Amino acid sequence: DIQMTQSPSFLSASLGDRVTLTCRASQGISNYLNWYQQKPGKAPQLLIYAASTLESGVPSRFSGGGYGTQFTLTISSLQAEDFATYFCQEGYNPVSRTFGQGTTVEIK
Amino acid sequence: VQLVASGGGLVNPGGSLRLSCVGSGFSFSDYYMTWIRQAPGKGLECVCYISDSGSAIIYADSVKGRFTVSRDNVKKTLFLEMNSLRAEDTAVYYCASYTDSRGRSFDPWGQGTLVTVSS
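First to last, the sequence lines map onto chains X and H. For the first sequence, the residue numbers in this note's numbering are 1 to 108. For the second sequence, the residue numbers in this note's numbering are 1001 to 1119.
Bear in mind the hints are in silico, worked out from the structure with no lab data behind them. Predicted model, so just to flag it, every value in this text is computed and none were measured. Incorrect hints may appear among the rest.
What the hints assert, rightly or not - Just the calculated beta-carbon pair ranges, DEER-fashion: (1) G1007(H) x T104(X): 27 to 33 Å; (2) V95(X) x R1102(H): 15 to 21 Å; (3) S12(X) x V1074(H): 24 to 30 Å; (4) S12(X) x V1001(H): 32 to 38 Å; (5) D1100(H) x T22(X): 38 to 44 Å; (6) P8(X) x D1072(H): 33 to 39 Å; (7) A80(X) x N1083(H): 41 to 47 Å; (8) V95(X) x E1081(H): 41 to 47 Å; (9) G1043(H) x L15(X): 22 to 28 Å; (10) S26(X) x P1013(H): 41 to 47 Å; (11) T74(X) x R1102(H): 18 to 24 Å.
C-beta: ideal position from N, C-alpha, C; glycine also.
Just chain X, same shape as in the assembly (with noise of 0.2 Å):
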C-alpha cells in the first residue's frame, strides 16, 4: 500500500499568517492527491483535487502544488474559519486510497 505522510502534525498560527502544510507520497502518485479539510464534529470537505484544482465555492486564499512524491496546501492568509484539522488522500491506488494522518491547525 501508498503511505502518506503529512507534516507538521500540529501547527500554531495566528490571523494573517501564510502556512503551507507538506504530504508526501511513499511511491509516485502522479497528481491523484487531494486535500480535506475537517472541523470538529463534521464530516471532512474537499478543498482541492488533483493536487492543484480548487474544489467550486473554496477561497482562493487555499491553493495547492506538487507532483509524483511531494506535495503541498498553501493558506495565504489564515483566517478564524480555516483552523481546522487537514487531511491529504492519495487516488492513485485503486484500492486503498490512503489518508494521511492529519494535520492540526491551531490558533496561536
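Guided by the hints, dock chain H onto chain X, whose structure is given.
Same frame as chain X, but now just chain H:
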C-alpha cells in the same frame, strides 16, 4: 447534492449493525461509493468500495469477511452490513461518493453515523 447516513448505535462485541446512506441531488447510480470510518481522535480509513453497478467490491483487510457493502440504485441507497463487531470497529462511519475524475477524490460526504462497540 447530499448524502445522509443512519443506522449507527451501541452494540455489544460480536454483535451486528446495518448502516444506510441515502443520496439525493445527483445521479447516484453513476458514482462509485465508499464507506470511510474515523475512530475517536484518529485518522480516516476507507473500509470498502462498491462500483456504480455494484458488480465490483473491495474491502479493507481489517473488515474482510465481517462487513458486506451493497447498494440499491433505484432507492439511491448504500448499505453496510457489519457482523462480528469488535471494539476496534468503534468509529464514526461516513459514506462518500467518488468518480474516476477529479483526482479520484471523495465528494460529497454524508454527515456520519457513530458506531460504538462496547459491553
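Status of the hints after comparison with the structure:
Look at G1007(H) against T104(X): about 29 Å separates their beta carbons, and that is inside 27 to 33 Å. For V95(X) and R1102(H), the Cβ-Cβ distance of about 19 Å falls inside the hinted range of 15 to 21 Å, so the restraint holds. Between S12(X) and V1074(H) the beta carbons are some 50 Å apart, a value that contradicts the proposed interval 24 to 30 Å. The hinted range of 32 to 38 Å is satisfied by S12(X) and V1001(H), whose Cβ atoms lie roughly 35 Å apart.
As the Cβ distance of D1100(H) to T22(X) is approximately 27 Å, the hint placing it in 38 to 44 Å is violated. P8(X) and D1072(H) have their C-beta atoms about 43 Å apart, which leaves the hinted 33 to 39 Å range violated. The supplied range of 41 to 47 Å is met by A80(X) and N1083(H), whose beta-carbon atoms lie about 44 Å from each other. At about 21 Å, the beta-carbon gap between V95(X) and E1081(H) misses the expected band of 41 to 47 Å.
Evaluation of the 22 to 28 Å hint for G1043(H) and L15(X) yields a pass: the beta carbon distance comes to about 27 Å. S26(X) and P1013(H) have their C-beta atoms about 34 Å apart, which leaves the hinted 41 to 47 Å range violated. The given range of 18 to 24 Å is respected by T74(X) and R1102(H), whose C-beta atoms sit roughly 20 Å from each other.
Violation of the numbered hints given earlier is confined to hints 3, 5, 6, 8, 10; the remaining hints are satisfied by the structure.
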